[in-house]
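Please model the complete structure; the sequences and the hints are all you need to start from.
The C-terminal position of the sequence shown is numbered 436 in full-length UniProt numbering, with every residue numbered one higher than the one before it.
Source of the hints: derived by calculation from the structure; they are not laboratory data.
Small disclaimer: the values here were computed from a predicted structure and weren't measured.
Among the hints, a few may not be true.
No more than 30 Å apart at the CA atoms, straight line, and that leaves these computed lysine-lysine pairs for DSS-like [said to hold, decoys possible]: (1) K101 to K51; (2) K326 to K263; (3) K22 to K251; (4) K381 to K328; (5) K191 to K360; (6) K191 to K51; (7) K205 to K191; (8) K263 to K333; (9) K312 to K326; (10) K191 to K312; (11) K360 to K381; (12) K251 to K209; (13) K312 to K138; (14) K263 to K251; (15) K381 to K263; (16) K360 to K22; (17) K209 to K191; (18) K333 to K138; (19) K381 to K326; (20) K360 to K328; (21) K333 to K360; (22) K251 to K360.
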Amino acid sequence: MAGFGAAHRLREEGITPVMYDKNSYYGGHTMSFRHEPGLTFDIGPHISFTKDERIQELFADSVDQLYETIQINLNNYWRGYWPQHPVQLHLHGLPEEVIVKVIADFVEERQKPEGPINNYNDWLVASFGSTFAELFPKQYTRKYHLTTAENMSTDWLGPRIYRPTLEEVLRGAISASSPNIHYITHFRYPKQGGFVSYLRDFVPKGNIKLDHELTSIDPRINEIEFSNGVRTRYDALISSVPLPDLIRMIKGVPADVLEASRKLACSSCVLVNLGVDRADISSAHMSYFYDEDICFTRLGFPHMLSEDNAPKGMGSIQAEVYFSDKYKPFTGKPEDWIQPVIDDLRRCGLLHDGDQVVFKTAMYLPYANIIFDLDRAAALKTVHGYLDEIGIAYCGRYGDWGYMWTDESFKSGEAAAEAVLSRSAALDVRQRARIA
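See below:
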């Protein structure tokens, strides 16, 4: 998505860039795969909920205005209960002693003078009180980010976690019909072809060369080399390669920059994709799982995004099981997680004894979500500073090393292209000045 954003911006200036992709397909994590018997799975949960009208129109035009607009339904699983999302606004139905303690702690915390916020744990306790923080977001943090809230910054939060008022918490505790307040209310999804269809119009904007895995960069002579033996020179380079991989490919990289890149943490993920002979698996489009004895952290139900994603009467489930090279390394094979996922789906009641799993597969993603641990800020400053110095632009979730949604990734690519154009313009001015 970021690479195509960069290509889009360059084409606006009449430049057709050469795009290299290590895969045999374009799209990266935006890719969608079609499997027999007619099941479509994206690489992770992908929906478009941007409020940027320009991006909305670009994506809509790419699918000839053929998209679904869906009111989102999110829920959570905690110790056998299924509260709506976000939990802090939907305590109704949880054990009475839990609700009372959560509200009491919430009130007590709001009466305290504001203290320093040194990490994500401080923010959670100040926002929700210690009981809610420990029972819900701190548990989820250990499953999703693979580290503790004490070891995370708050740089990534933005609108992602809603901080409620006391009135909102009370209303959600006494009423089953409290309002749904979330940063996502509606989303768009292509009618056909999966999420990757949003890239269809952007493909011609870049001269794409597939099966080109980058192996080395020599910034002194502006040369890149690929695993297939191809070498080529570049005028300007824009990269969405994950920073730890990118840095170790650069010839002559300083030791301190290499060491900083190794401190950048990211989760990896096993995606388990299942097809089931029943469509009414869940009323939610996505479910979050807090219990640490449940192997998956989040579930998506692709058949609910578009009728084209599954045959009629069939349901699909995508489970996310997280790891991290830094905090919880992945071992074994992705297929090892298929049966544990099925077992836990039965424990949660989503799969019934009579259900038939008619399709199952698993894939491993070495890069999933950026972990905003306390090492990130200083390490990223060193890495980005070096790339700026040698003139390599970076973009996307793994180039900017940020918590980006798809529209933000696209705009990140545009911004990287703009930086390259500005640099080229400044260089041209200097060259003309020297000639004069």
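How the hints compare with the structure:
{"no.": "1", "hint": "K101 to K51", "in the structure": "37 Å, violated"}
{"no.": "2", "hint": "K326 to K263", "in the structure": "8 Å, holds"}
{"no.": "3", "hint": "K22 to K251", "in the structure": "20 Å, holds"}
{"no.": "4", "hint": "K381 to K328", "in the structure": "25 Å, holds"}
{"no.": "5", "hint": "K191 to K360", "in the structure": "23 Å, holds"}
{"no.": "6", "hint": "K191 to K51", "in the structure": "20 Å, holds"}
{"no.": "7", "hint": "K205 to K191", "in the structure": "23 Å, holds"}
{"no.": "8", "hint": "K263 to K333", "in the structure": "25 Å, holds"}
{"no.": "9", "hint": "K312 to K326", "in the structure": "42 Å, violated"}
{"no.": "10", "hint": "K191 to K312", "in the structure": "15 Å, holds"}
{"no.": "11", "hint": "K360 to K381", "in the structure": "42 Å, violated"}
{"no.": "12", "hint": "K251 to K209", "in the structure": "23 Å, holds"}
{"no.": "13", "hint": "K312 to K138", "in the structure": "39 Å, violated"}
{"no.": "14", "hint": "K263 to K251", "in the structure": "20 Å, holds"}
{"no.": "15", "hint": "K381 to K263", "in the structure": "12 Å, holds"}
{"no.": "16", "hint": "K360 to K22", "in the structure": "26 Å, holds"}
{"no.": "17", "hint": "K209 to K191", "in the structure": "28 Å, holds"}
{"no.": "18", "hint": "K333 to K138", "in the structure": "28 Å, holds"}
{"no.": "19", "hint": "K381 to K326", "in the structure": "19 Å, holds"}
{"no.": "20", "hint": "K360 to K328", "in the structure": "25 Å, holds"}
{"no.": "21", "hint": "K333 to K360", "in the structure": "14 Å, holds"}
{"no.": "22", "hint": "K251 to K360", "in the structure": "42 Å, violated"}
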